[in-house]
Amino acid sequence: MFKILSHLFWPHQSNNYKAKTLHISSLSVLMLLVMAGQILITIFSRSIPTVLGIASSITAQELVDLTNAKRVEAGLPALEFNQLLAQAAQAKAADMIVKNYWAHTSPDGATPWVWFKNLGYKYLYAGENLARDFSDSVGVVNAWMNSPTHRENILSNRCREVGIAVVHDNFQGQPTTLVVQMFGTQVSSVPVEAKAKVGRITEAAEAVLAEVQVVSSPLIDSFSLTKAVSISLTLVLLVVMVIDAVVITRKRIVRLSGKAWAHLVFLGILLLVIIGIQPGLIL
Amino acid sequence: MSYLALTLILGILGGAYLYWPAYRLGLSLALGLSYFLWGVLMHKRELHWQIVLEYFSLALMGASLLIFMGLRA
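First to last, the protein sequences are chains X and C.
If you use UniProt numbering, the first sequence corresponds to residues 1 to 283, in order.
If you use UniProt numbering, the second sequence corresponds to residues 1 to 73, in order.
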């Protein structure tokens, strides 16, 4: 056992004074294992989403509360939750899933304001924030607040109401949590309640809306699993590389190899980036 | 000096990878490619295929890890 470990991780006569883990053949095998692992994660997260999938604790209520907390901090009045805006947000989310796009404007040219109009929400001012793949509500609102345009929507003194949709579904080939946040100020003289039931959402979007369910959290989050494997692999290589560099320098062994310091810099930065990466995209 | 240049290039690309999620695929490839090219340039006087392969395999593995992380994030 000790001999095997020594062969794998320690520069030695048996491995030609270079830890076997750092040989090109071993690195190729590790890379193939990583790729195979990713394929398995994709397959399992689709076939058994309750065991392996995305874990998301985002709720519309939390997002409204956090948005309002940011507004109050900035000395602005809290936004009122509007059911019509929430329905418009649901319709937009369903449309993105059905038509497979990630944008404010749909491939057939429908702007976000189409969803307001379809539900009879007559607005003076309106805005839309989108987010996907975040694991919690705090992450979503923080990402929006760090982006000037999204922050402007949240802290707009023109907007009075907000509606939010949080949809868990397969989107662009993987399980995803989509968040659509819509802001608006109604033309107060127009009674919108009468028009609320006259939805003109497309049939396909309605079908998705009917299917939309909040899925239970899976046992293993695919993002966390990938991150843990990547960190472990990089860390093992980094440690073996340090051992290799120290032993070779001490024993003054001359061999044909790349620059150890360069490998250490590369793996070190790779490790920092992998540790720093957070899930989620905003638009 | 050459190590400082490598650290700067990789650091900037790594920072950009974290800051601009929309460009993660391109930045992962750029990071791997930069490292590979740096390795080849540094060894141009004693360039052996084992050394080229060593840099290539490390660069490819790093880029793959970042691409997979970007896809899952």
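Please note that the accuracy of each hint is not assured.
[Stated by the list, open to error] Derived DSS-like pairs (lysine-lysine); straight-line CA-CA distance at most 30 Å:
#, chain 1, residue 1, chain 2, residue 2
1, X, Lys117, C, Lys44
2, C, Lys44, X, Lys70
3, X, Lys3, X, Lys18
4, X, Lys70, X, Lys18
5, X, Lys259, C, Lys44
6, C, Lys44, X, Lys18
7, X, Lys251, X, Lys18
8, X, Lys99, X, Lys117
9, X, Lys18, X, Lys259
10, X, Lys251, X, Lys3
11, X, Lys3, X, Lys20
12, X, Lys259, X, Lys70
Think of the hints as simulated: they come from the structure by calculation, not from any bench.
Source: prediction; values computed, not measured.
Query raised in the report: Of the hints given before, which are not true for this structure?
Result: 1, 2, 4, 12
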